[in-house]
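J.: What follows is the residue order along each chain.
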Amino acid sequence: MPSQAPTQALFRIWRGDTEGGRFQDFTTQVGSGMVVLDAVHKIQAEQAPDLAVRWNCKAGKCGSCSAEINGTPKLMCMTRLSSIDLSMPVIIEPMKAFPLLRDLVTDVSWNFRVKKTIPKFTPRAPDAPDGTWRIQQSDADRVQEFRKCIECFLCQDVCHVLREHHKHDEFIGPRYFVYTAALEMHPLDTADRVPDLRHKFSLGYCNITTCCRQVCPESITITENAIIPLKERVVDRYFDPLKRLFRIL
Amino acid sequence: MPEYQTHPYDVLIVGAGGAGLRAAIEAASSGLKVGVVTKSLLGKAHTVMAEGGVAAALANVDERDNWRVHFSDTMRGGQYLNNWRMAELHAREAPDRVRELEAWGALFDRTSDGRILQRNFGGHRYPRLAHVGDRTGLEMIRTLQDHGIHTGIEVHMECTVLTLLTDSGRIAGAFGFDRERGHFLLWPAKAVVLATGGIGRAYQITSNSWEYTGDGHALAYRAGAELLDMEFVQFHPTGMVWPPSVRGLLVTEGVRGEGGVLRNSEGRRFMFDDIPELYKTQTAASEDEGWRYTQGDKEARRPPELLTRDHVARCINREVKAGRGSPHGGVFLDIAWIKTHLPNAAEHIRRKLPSMYHQFKQLADIDITREPMEVGPTTHYMMGGVRVDGDSQMSTVPGLFAAGEVAAGLHGANRLGGNSLSDLLVFGKRAGQFAADFARAHSAPAVDRAQAGAAAQAALEPFDRGAAGENPFQIQHELQERMQALVGIVRTESEMHQALELLDAFSARAARAGVPGHRQYNNGWHTALDLPQLLTVSEAITRAALLRQESRGAQFREDFPGKDPEWGKHNIVVRRGDAGEMLVEPRPVTPMPAELTQIIEEMK
Ligand SMILES: Cc1cc2nc3c(=O)[nH]c(=O)nc-3n(C[C@H](O)[C@H](O)[C@H](O)COP(=O)(O)OP(=O)(O)OC[C@H]3O[C@@H](n4cnc5c(N)ncnc54)[C@H](O)[C@@H]3O)c2cc1C
Ligand code: SF4
Ligand code: SF4
Ligand code: FES
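Residue numbers (this note's numbering), protein chains in the order written: chain A, 31 to 279; chain B, 14 to 617.
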């Protein structure tokens, strides 16, 4: 079984609030199997009790502990120190696409507001007299992939439309394309979100850079399985001349 | 007094896990103004971590299942100390509550004819757990969240309730603060539903998150409510033991449900060596019969690995103590062995247990499709909690309700896996409904601003002491370590007396806790404010465990290793005396009606 002898490592952590901030260096002992979140907790308990960090499950299940580690958006609780070069300072920063609250904690409430604007699940009438439905596993599979999402918002953090162009008022971001795809492809759902995708959610801003897919800790194939099929639906609806003709008639 | 904002509600729900969200949806459905307060962000509560499944006698996989079997399984698991009315309602209503989730968008795994698939779990006679791989809790909380946000409820994310307010004995609301910004908040309410979850952070080795500091238990106790069954803390048999930083992290019972077996360092399936009398007729006689059971053979009986959690945890403890443990102080849990029976075993395991596969691969460098895991007991679930009426979930304080893990009764001395998620749905709905009824039937209570003021003053004290005060993380850490050692899986009178003395000392230290910095998202401050709740529940657990001089369910007393029939007829109630002292007393179990007794007899 692999194990590491305890050693010292240097962590360069962003400290700050709405007023501004700076990096602060902390040296601490690191040992067998530790993850970045363990190191942050150790520093918090021993050196900086008011260091702000958000976390819950410590098992990659809740999506609370998102941060940027050496420049890459990751879950702190699933990033092993053994996967990082400890001869250099480990740089830990908050996500950049959201306003900073304090230290490693950002204000992600925008995401929760966006979700409310997406028309909710609307099932067809039940299939059986007892009020239940029949769904084949093969039809559930595709949507189950999307429903693995832990709402860590790392995909939102890397998307240039939000991160660089700050289109938060117009563009819902990859997380909510995954959410919309889960609803649109749900075997029971009957609502139509295609007009919203084009006009309100600005799906067209996405130029399929795949940055979001690359950081998803749940390995959801965000671009290929969610965004591209949604773009196809928009194209079919609005840009297919034959179909448009039919609708006019 | 420090400033605060006021947000009045008809019904205030404290907690946004499965129980809180289900209660909120129900209360809001009747048009009342409903507020939800949660310590973390929406969708991050403990419920998100649940893995194995939600128990409901849908009878989709085995048509012999029905609510009566589920009822008797739950009562047997709880060693008959359960509130039988809750066990009955739970078994009867769980199937509808699960189907309702499907109508709200949940997508459970399917049977070949397209219905909701169910899996085996410890103590359940038939495959009963509806599930989505091993991320059932995520599916459940997300469904409730996505449905709930369209029902008009207002959610106060990252806010902590510090105290409940009362008006001449009746509930009047709650007072607390916003963790993000440090502002104080007052929530006047006609009815309050506590759905705050458990107490696992009172122990060092736990599967529970930072939120589980027993807030609801302590708040209710201080508001005058009775607590019940506080001695029954569930230690789940299979937590990770290595590496140290993940010690305690849960390994779902689903691994054993899918055919995983427990072995000691000699390679022996030691669970076959000790099968309790109560379960003899239901347990497999051979390894082969056990395997056939996990693969759906209806003639076969379940393997001993799927006996109740209290028993499996003690057997593991015994193997480790006898020197037959694994290198890091656990035993081996092997699912990889099923490749000798299944051609595509590795793929099957990854499909059925995806998050376990990733958890071990990423955190321990173990490929569970090839090698065994190392596991040992971890603090997991609190059977004890606020004593409630079985039908309405109202506590002994008028207008104060409790549902989910913070409420007691359904599980008795030991909870069966899967019975918590169903508990949240059944009793979350009931609490929401009865709280709404209560709010409609009563006028707004008077809010005593002095109660709020005192809580705010006390909350700010750690800043007065600043960095010169005691480090709250250090106090919490030592408390957890002592509770684990002295009031853990194996208990004895002298150690628990020692624990009580130490708890006094910890209280004195908690009163000296200090934190530097300001009120915005200050984790040190949050930890300091959690300490009084942790200390109250630790004391309640210890006093109840001392009083119960027997071993039953989750409580194992080394000095009283047998069951005492007298104690089998009593629960223990904890309440606050007039002088603020903690009172602990036995309370006779209410006799079961004849038709329920008959069900239990028939199912024996
Ligand atoms: C790893 C793991 C796996 C599990 N697997 C299963 C399973 O397969 N099947 C099963 O049936 N059960 C399982 N359980 C148990 C089950 O998940 C929990 O018992 C259940 O989710 C508790 O739900 P709840 O709604 O009562 O509380 P929670 O979901 O924990 O929610 C508690 C809420 O209360 C809030 N809160 C607490 N204190 C305060 C306060 N002072 N102020 C404001 N808000 C507060 C929290 O922020 C949170 O929102 C598992 C548990 C764990 C830890
Ligand atoms: S693929 Fe689209 S949504 Fe994803 S990061 Fe790139 S632009 Fe954003
Ligand atoms: S899609 Fe992936 S990266 Fe985006 S929020 Fe969900 S889990 Fe996180
Ligand atoms: S703490 Fe839950 S994902 Fe990291």
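Please note that a few of the clues may not be correct.
Said to hold, decoys possible - Examples of chain B residues toward chain A, derived with CB under 8 angstroms:
| hint | residue |
| --- | --- |
| 1 | 53 |
| 2 | 56 |
| 3 | 57 |
| 4 | 294 |
| 5 | 296 |
| 6 | 330 |
| 7 | 377 |
| 8 | 596 |
Keep in mind that the hints were calculated from the coordinates and are not lab data. A virtual CB, placed ideally from N, CA and C, is assigned to each residue, including glycine.
J.: For each hint, tell me whether it holds in the structure or not.
T.: Right, here's what the structure says about each hint:
no.	hint	verdict
1	53	holds, 6 angstroms
2	56	holds, 6 angstroms
3	57	holds, 5 angstroms
4	294	violated, 33 angstroms
5	296	violated, 31 angstroms
6	330	violated, 23 angstroms
7	377	holds, 7 angstroms
8	596	violated, 35 angstroms
When the structure is compared with the earlier hints, violations turn up for hints 4, 5, 6 and 8 and for no others.
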